[in-house]
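Student: Line by line, the protein sequences give chains U and B.
Heads up, the first sequence is in this note's numbering, so the first residue is 727 and it goes up one at a time.
Heads up, the second sequence is in this note's numbering, so the first residue is 974 and it goes up one at a time.
Note that these hints are calculated values from the structure, not bench results.
No residue lacks a Cβ here, since even glycine has one placed at the ideal position from N, Cα and C.
There may be inaccurate statements among the hints.
What the hints assert, rightly or not - Facing chain B, according to a computed beta carbon distance under 7 Å, are these residues of chain U, among others: (1) Leu736; (2) Arg754; (3) Leu851; (4) Leu860; (5) Thr862; (6) Ile878; (7) His880; (8) Asp884.
As the list claims (entries may be wrong) - Between beta-carbon pairs, the in silico distance windows are: (9) Asp752/U to Ala1065/B: 55 to 65 Å; (10) Tyr1004/B to Leu898/U: 38 to 48 Å; (11) Ala1060/B to Ala897/U: 45 to 55 Å.
What the hints assert, rightly or not - Counterexamples of contact, computed for chain B against chain U with all Cβ distances above 10 Å: (12) Gly1020; (13) Pro1028; (14) Ala1061; (15) Lys1103; (16) Thr1112; (17) Glu1148; (18) Met1170; (19) Thr1171; (20) Ser1180; (21) Gly1181; (22) Gly1197; (23) Asp1209.
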Amino acid sequence: MTTAHVLMGLLASEDRHGYDLKREHDQRFAGARPMAFGQVYAALERMQKKNYVVPVEVERVDGPDRTVFRLTAAGRAELDRWLGEVEPPAPHVANPLAVKATIALLVGDGDRAARYLADQRAAHLTRMRHYTRLKTDPAASLTEVLDADYAIAHLDADLQWLDLALDRINALSAAIAPVAPTSDQPPTTPAVPTAAAT
Amino acid sequence: MNHAIPTSSGEATAEQRESSELSARSIVYSYGHTPALRGVSVELRRGEILAVTGPSGSGKSTLMLCLAGIITPDAGEVRYAGRAISAASESARSRLRRTEFGVLFQFGQLVPELTAAENVALPLLLAGRKRSAAMTAATNWLERFGVADLARSRPPEMSGGQGQRVAVARAMVTEPTVLFADEPTGALDALAGEQVMTQLVRVARESGTSVVLITHDAKIAAYGDREIVVRDGMLDQTAS
């Protein structure tokens, strides 16, 4: 995904100037990082060179002049191509959650790994509550609901992994825990043949 | 070694007891020789939506059955509004379930031969309410859950989501103090489940009803105010 494709998507419905594009982006994708003005104007310049957009008028209001851009047929074709393109699945194995839990295990501290996983799970659920409240607010827009759905689905995937990881660590710890001898059962000697017995 | 930390003595502070609707202290329950709960303590505050999560077979549904007075724990105590319901007679607990508690299961368990309105009216009729008053109340509750147009439909004619909304209306028609919901969206697709949960939470908050929400699904648990996790019949306090 590039800034240009997002801007072309916003220009598909109506002509807009750079300031309007930035404002529209930030409102529609409130969960994303706000778009910088420099980023918008640089992208518009590149798009104009490729004939994806053309200036149609200059709005003169209070303050600086604002050039209004329109999506061209070539721009629309590029937007359609991008919309039909599959995004590569994100490399979740590089997720910091997995890295931190693995490192904790590598340093031989199962307790610390389990505690980290449990704390992380609580933090994820708190965030999930936030998005659930947001999307069930009767005043929420469709874009906000879709954004929240996306965030919740990803948090849920992490939570499922956290639960599974915690179960695996518990199972592993149980399997390798030393068995304490009972009072009426002396510790067994290793079944290693001694020199005398051979 | 299990990293899930079992609950301590479960002693609630005086302040917690004051604001607590329902509480369990060190409850133990076994199915034959198989332990299901091994000393669980929990407090449900007034108006709170408490999500109880955990893997399959962890004991969360058994905990709900004990809290709702459907089964009595082998040891420990369940208290509601200052009374030890775990020591009460079956008839007293049954009365409590009819008047103070509402219960909702995964498959709404509606009576297929009755219309939606008759299903919702049923708890009121069983409690001795006149038929006309019960049917009026049922219609009002169907309206609150957005399914008033289904009043004359029978369960086989409804979608899963519609049926479950009727079931929630039936669980709420007696205006319970506590609603117990066991995997209330487990049989529904994501969107239908969301509709049921959104309406359930909204109506519970409007009515001041506390909810014990049993679920294995974090997305459903996120509708709650607080979560407790049950693992191997104990509370996992690292995750609660």
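Student: Kindly indicate which numbered hints from before are broken by the structure, ordering the numbers from low to high.
Tutor: 1, 2, 4, 7, 8, 10, 11, 13, 18, 19, 22, 23
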